[in-house]
Amino acid sequence: MLFALLAPCLALAGCNLLGSSDAAGKSGEAQKPAGLGVYSSLPLLWGESDDIRGFLSDGQEQGWAHAFIQAQDGLVPLDHLADASGVLPLAKDHVLLLAQPRPLTPQENVALDDWVNAGGRVLLFADPMLTAHSIFALGDARRPQDIAMLSPILGRWGLQLEFDESQQPGERLVDIKEGAVPVNLPGRFRIRPEDGSCTLEAAGFLAECRVGKGRVIALADAALFDDSHDPRDAQRRRKLLETLLARVSVGIGRE
1 MLFALLAPCL ALAGCNLLGS SDAAGKSGEA QKPAGLGVYS SLPLLWGESD
51 DIRGFLSDGQ EQGWAHAFIQ AQDGLVPLDH LADASGVLPL AKDHVLLLAQ
101 PRPLTPQENV ALDDWVNAGG RVLLFADPML TAHSIFALGD ARRPQDIAML
151 SPILGRWGLQ LEFDESQQPG ERLVDIKEGA VPVNLPGRFR IRPEDGSCTL
201 EAAGFLAECR VGKGRVIALA DAALFDDSHD PRDAQRRRKL LETLLARVSV
251 GIGRE
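Just so it is clear: in the sequence shown, position 225 is 225 by the working numbering, and no numbers are missing.
Hints were generated in silico from the structure; no laboratory data involved.
Predicted, not measured: the structure shown is a model, and the values here were computed from it.
Certain hints may be false.
Below are the DSSO-like pairs computed for lysine-lysine, each with C-alpha atoms no more than 30 Å apart in a straight line [to be verified]:
| no. | residue 1 | residue 2 |
| --- | --- | --- |
| 1 | Lys239 | Lys213 |
| 2 | Lys92 | Lys239 |
| 3 | Lys213 | Lys32 |
| 4 | Lys177 | Lys239 |
| 5 | Lys92 | Lys177 |
| 6 | Lys92 | Lys213 |
| 7 | Lys32 | Lys92 |
| 8 | Lys32 | Lys239 |
| 9 | Lys177 | Lys32 |
| 10 | Lys177 | Lys213 |
All chains, full assembly: derive it from the sequences and hints.
Following this line, the structure appears as structure tokens:
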């Protein structure tokens, strides 16, 4: 698989920014995760390219998210969420970043749910109408997932993702505890009261769920990861991702 082939190229040295937000640090509750697992259809670990040489090229232009993720100690790129024994191949002292993932197989749904229930932490970006630019045409398997298709696992955690088709396209900001998040055609979550234990923020844009011994923070848009040619805007996006990862890490290893 592609991640397996490129994993040695991703073992780069860097500082781990997880758990370092000001709010988490002041509370005294943040635990530093051992690493970050990444499972995404977005070009977060490398840019889009037509061939393997393009993926590995040092001269390829990369966005702010690529630099942020590469700076994490204990980076674990994932190309599946269930190994041959049906287990998610990530230690529970890591945080799992799920950014607009492909539809999960039944085995992956079970493995992910088991991992979270046993104490795993997930930061999920589920975009019902992805607006990010891609060099690949609609229908190309290399193109990022255009529509989040995660109903089985969201339902298991007590959530339903909805999309308002009447809204107009264009980037705007949604305020959450960590700051103003850039969005473009976002969705919203609704809580299924018969399942799970979740709370909502920002009119359902963000959901936080306790799942067994674990925790999930889900956002109904992925425009945060869009590239920015404004260094100040890129820094704001980086800080938002950093603080969201710190938020989901609070208490990790102690629950």
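Exercise for review: If any of the earlier hints don't hold here, list their numbers in rising order.
Suggested key: none
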